[in-house]
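From just these sequences and the hints, can you work out the full model?
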Amino acid sequence: MTNHAGHDHTTHADHAAHGGARPGGLSVSESGYTLELDATILGAGPQTITFRVTGPDGRPVTEFVPEHEKELHFIAVRRDTAGFQHVHPVRDEKGVWTTELTLEPGDWRFFTDIHPADHTGTLTLGADVAVAGAYDPRSLPEATGIAQIGDYTVTLDGGLRPGEASELTLTVSRNGHPVTDLQPYLAAYGHLVALRVGDLGYLHVHPEGAPGDGATAPGPEISFMAVAPSAGTYRLYLDFQHDGIVRTAEFTVHTTTTTTATRPNAAPEHGSHHHGHQHHGTHAHH
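First residue of the sequence shown? That's 3 in our numbering, and the numbers climb one at a time after it.
If you are wondering where the hints come from, they were derived from the structure by calculation, not from laboratory data.
Since the model is a prediction, treat every value here as computed from it, not as a measurement.
Be aware that a few hints might be false.
[As the list claims (entries may be wrong)] Computed spacing ranges between beta-carbons, pair by pair:
hint, residue 1, residue 2, range
1, P180, A119, 38 to 46 Å
2, D183, T122, 19 to 27 Å
3, T50, V30, 17 to 25 Å
Backbone N, C-alpha and C fix where the C-beta goes; we use that ideal spot for every residue, glycine too.
Here you go:
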């Protein structure tokens, strides 16, 4: 199971024990597996990305255990946390992966979330990429607990606690009405990636329930268990599918030491924070 969507064969206690201390994606190489990008300096705009994951023998890995319906999950985000994209590259028989991204100038971090067949579990590898052009870094959006993506509003309840598992509930509405017919996306009604602001450490986040389990409703609420490895600020990115389109809701979250987190009132200008990223949230993911 991927770091950002849960391990089907372990318990939440296990997650709290190992997930809270070590965020993933901070290293380009782990346990003998290395992310090798064909280019680390790229142009702005639509770009074709090619890479491979080499194993302990130095050869490209061609056998992976699929996690949430995919052999590899690829995440791209700029260092200022803008421009988030979650895509699914295609691999050839030689172990070369290819995907498409749309990039703005600046410093980026690319992540691969994988479970090599010869490895005991999942790995998240990360690499830095520079995109040429005039870099216009954006300030971190405020922690309002509300994201607006076109006609959709997603609200976040719950908080992140350092070293402890906590529940996050995201509620989806459209034009003021609860969405009760979310479509499965990657074997879940929502897919959540969480990154630590400052180093983009990749958190372990796990969904509660699954489509078709007889208990999990297709909205409006989507619940996850998350462990923050440290106190600080985090960025959450929720992918959800409705009417055949995958959209992304983004949140800024500060850790809390209390058992109950409250959501502050939304700032009137909050919608403008998301406006610049809205095209990332409304395009169909590959």
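We went through each hint and held it up to the structure:
In this structure the supplied range 38 to 46 Å holds for P180 paired with A119, their Cβ-Cβ distance being about 41 Å. About 38 Å separates the C-beta atoms of D183 and T122, a value inconsistent with the hinted range of 19 to 27 Å. For T50 and V30, the Cβ-Cβ distance of about 21 Å falls inside the hinted range of 17 to 25 Å, so the restraint holds.
Figure legend: structure checked against the earlier numbered hints; the only hint not met is number 2.
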